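Given chain P, work out where chain S should sit, using these hints.
Okay, here's what each chain looks like letter by letter:
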Amino acid sequence: MNPKRLHQALTQPFTWWASGLLLLMGIGAVGGVLVFTRGLVITNLSDTVPWGLWIGIDLSSIALSAGAFTLSAAVYLLGLKRFEPVARTAVFIGLIGYSMALMTLLLDIGRPDRFWHALVFWNVHSPLWEVTMCVALYFSVLLLETVPIFGRAAWLRDRWPRLGGFLRGIHRVAPILAVAGLLLSMMHQSSLGATYGILKARPIWYQPGLAGLFLVSAVVAGPALAVLASMIAARVSSRARVDDHLLDAVARFVGWALVVYLYLRFWDLLSMTYSYEPGRTEALQLLMRGRLSVNFWVGELLLGILVPMIILLSGRLRRQPSLRMVALALVVGGLIAHRWDTNMVGQMVVFSQQPELSLPLFVTYAPSLVEIVTGLGVVAYGLFAFSLGVRYLNIVEHGEASVPAGIPRLTPATD
Amino acid sequence: MSAEKIDRRHFIKLFVAGTTLVVGPKIVREVGPAASDPPAETSGPSPRWAMVIDQARCVGCSECVLACKAANDIPPSMAWSRLADRNGPYGEGSFLPVQCMQCAHAPCVGACPVKATYYRADGIVMMDYDRCIGCRYCEMACPYGARVFNWEAFEGPNPLVPAWGTPEVARRPRGVVEKCDFCAHRITRGLALGLTPGVDREATPNCVINCPQGARAFGDLNDPESPVRRALAEHPSFRLREELGTEPRIYYLPPRDAAEETCS
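Chains as they are written, first to last, in the working numbering: chain P, 1 to 415; chain S, 1 to 264.
None of these hints come from the bench; they were simulated from the model.
Everything numeric in this text was worked out from a predicted model, so none of it was measured.
Keep in mind that the hints are not guaranteed to be accurate.
Restraint ranges, calculated between C-beta atoms of paired labels, are given here [claimed, not checked]:
id, chain 1, residue 1, chain 2, residue 2, range
1, P, Val-260, S, Pro-224, 55 to 65 angstroms
2, S, Gly-214, P, Val-294, 52 to 62 angstroms
3, P, Phe-115, S, Ser-77, 18 to 28 angstroms
4, P, Gly-165, S, Asp-128, 43 to 53 angstroms
5, P, Asp-113, S, Val-161, 27 to 37 angstroms
If you want the footprint, here are the derived chain S segments under chain P, 3+ residues with CB under 8 angstroms [what the hints assert, rightly or not]:
id, region
6, 129-140
7, 171-181
Covered by chain S, per the in silico footprint, the following chain P stretches (three or more residues, Cβ under 8 angstroms) [claimed, not checked]:
id, region
8, 31-41
9, 89-96
10, 109-118
11, 240-252
12, 337-351
Cβ coordinates follow ideal geometry from the N, Cα and C atoms, glycine included.
Isolated chain P, as found in the complex (with noise of 0.2 angstroms):
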């Protein structure tokens, strides 16, 4: 590389961005290797507490890849054909934030080894199998669904037309792949939640509505990371263009479905006040006073819900990008809140073995350096991998059309 270039490459913003995603990517590698080699034993997880971090990841990420289902469904079932640009980039979302829960739960799982055990030892009794199948048939509809993106792609046409026209030719089953998509996608966002509702062991989760809220909050999240990643990518990088139009549509969306969610989470939780059923009461102490409150309160509840459901609703607000964007970043942080205290406070409070003496053990958890530089390698993954598709795979692309064909969009403008 000539000097030139290379300064050139050191002044630009994507290198350094880059760069720092690559050595977190590598650091979480390393944290991996280290958590194959050792074992579970370096993690803070222990047999009272033994889902953490990592399936607070395996939880958002699978959720905030919801919106992939519900734009496909919009555009190839409702027939909301001008939505199709934002289903493109939901869709590339869903594939990182499919492959991101994968990865997690490789390294949670004591046998990486026997990850494809549950494709071959069925136990249709178990929700957690049903994620696993769902997951696993969702992915390759994603992976379809993806396919004709890198077909569209300018370097790739160009250098080879016939393979680009084949890929692209996957796109005219897009409708199909969206009926498996929505059927999938229902099927394993709710189970995620029934995953918890079925365990009568832990009465704040043994209840049918945590089903449905996880497939309701997951499709008010998924959208809206959607629009919020293609509002930054528009802001950040000259290879993506939106249309301002689509986007408050869809966060306008988002805000009734934020209505739907708060109805059905105020009466799940107002129901739960009254059964004062041992252990449930303790848990819902937890989340209402203890120390998941600001959690509950603030994150979920306030800025997860209230503020961003205002802001989205009045279109006098909405308009206003920024705000938009605070809300929609708003919405996706108040549903990795609700996803880490519903995984946490069942686990929180631990039953006393004695029959007439429910005397709650309170257990606490923080998650190792292992975990956390393990999680932020993934994180770190799916944002790169979102700004290489921005960057070279237009998939925040709002008006194709006027586009001209044939422009090599790898070449640097001066060589």
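Same frame as chain P, now just chain S:
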């Protein structure tokens, strides 16, 4: 345009019908009288193994715990059997040994995504350590905290061997969930030799035969003459968290004075 729409609808119909045809029978077969449903609870010829732990006799010496760890080759950091509470509702000096309750309706069996935990024909909840993926969902599902994960590779000699016994089963690899199986290997072998579990030492779980106080009894709930049936006939008993409907197969006899106060 309209032709395309009809095609799509047609396709969706075919897709749904096809999926139902292919997957449906499988699911119906599995969900119906499912493989992981508990065996019938009627008193048939098949034995239903159960254990009785007498709190009136238990002095909290932990010899059951140590014998279990030696015979099942369990590392020092883990335990299949433990003393959960040293001071129970009946005051100072009553002890509660806890291990897998061998529930007739075990939440862990339904939870396991790969059927690595399952009911043996005689109702014992078994672990298939070659199939377990180590997801630890069963730990979340168990109301008794009876399951332990193998966080660390166990290498070198077991410090409890030979003082407290000799290993009778293979050591488990790192990364799987373990638990008590009522020493199923002793029951299987004992029955093959024509012995009676609960009566003959060689066919009875290690924690039972190693209790110096005789606080534990084992046997077949279907046999009126078994040690467990006789113990349950003589004394009032309770099981842990019965309200959950898991039907545990470990029964506790509370200290006598306390039991008389509670039950009279």
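Verification of the hints:
1. A C-beta distance of roughly 59 angstroms is found between Val-260 of chain P and Pro-224 of chain S, which places it inside the suggested range of 55 to 65 angstroms.
2. Judged by the Cβ atoms, the range 52 to 62 angstroms given for Gly-214 of chain S and Val-294 of chain P holds: they are separated by roughly 54 angstroms.
3. With their beta carbons about 25 angstroms apart, Phe-115 of chain P and Ser-77 of chain S fall inside the hinted range of 18 to 28 angstroms.
4. The given range of 43 to 53 angstroms is respected by Gly-165 of chain P and Asp-128 of chain S, whose C-beta atoms sit roughly 49 angstroms from each other.
5. A hinted range of 27 to 37 angstroms for the beta carbons of Asp-113 of chain P and Val-161 of chain S is consistent with their spacing of about 29 angstroms.
6. With a threshold of 8 angstroms between beta carbons, the proposed coverage of the region 129-140 of chain S by chain P holds, since 9 of its residues qualify and at least three are required.
7. For the region 171-181 of chain S, the proposed coverage by chain P is satisfied: 5 residues have a C-beta within less than 8 angstroms of a C-beta in that chain, meeting the threshold of three.
8. Chain S is given as covering the region 31-41 of chain P, and this holds because 3 residues of the stretch bring a CB closer than 8 angstroms to a CB of that chain, at least three being needed.
9. Check on the region 89-96 of chain P: 0 of its residues sit with their Cβ under 8 angstroms from a Cβ of chain S, so the three-residue criterion for coverage is violated.
10. With 7 residues bearing a CB less than 8 angstroms from a CB of chain S, the region 109-118 of chain P meets the requirement of three and the coverage assertion stands.
11. By the rule of at least three residues with a Cβ nearer than 8 angstroms to a Cβ of chain S, the coverage given for the region 240-252 of chain P is violated, with 0 such residues.
12. Counting residues of the region 337-351 of chain P whose CB lies closer than 8 angstroms to any CB of chain S gives 4, which reaches the minimum of 3, so the coverage claim holds.
Hint violations for this structure: numbers 9 and 11, all remaining hints satisfied.
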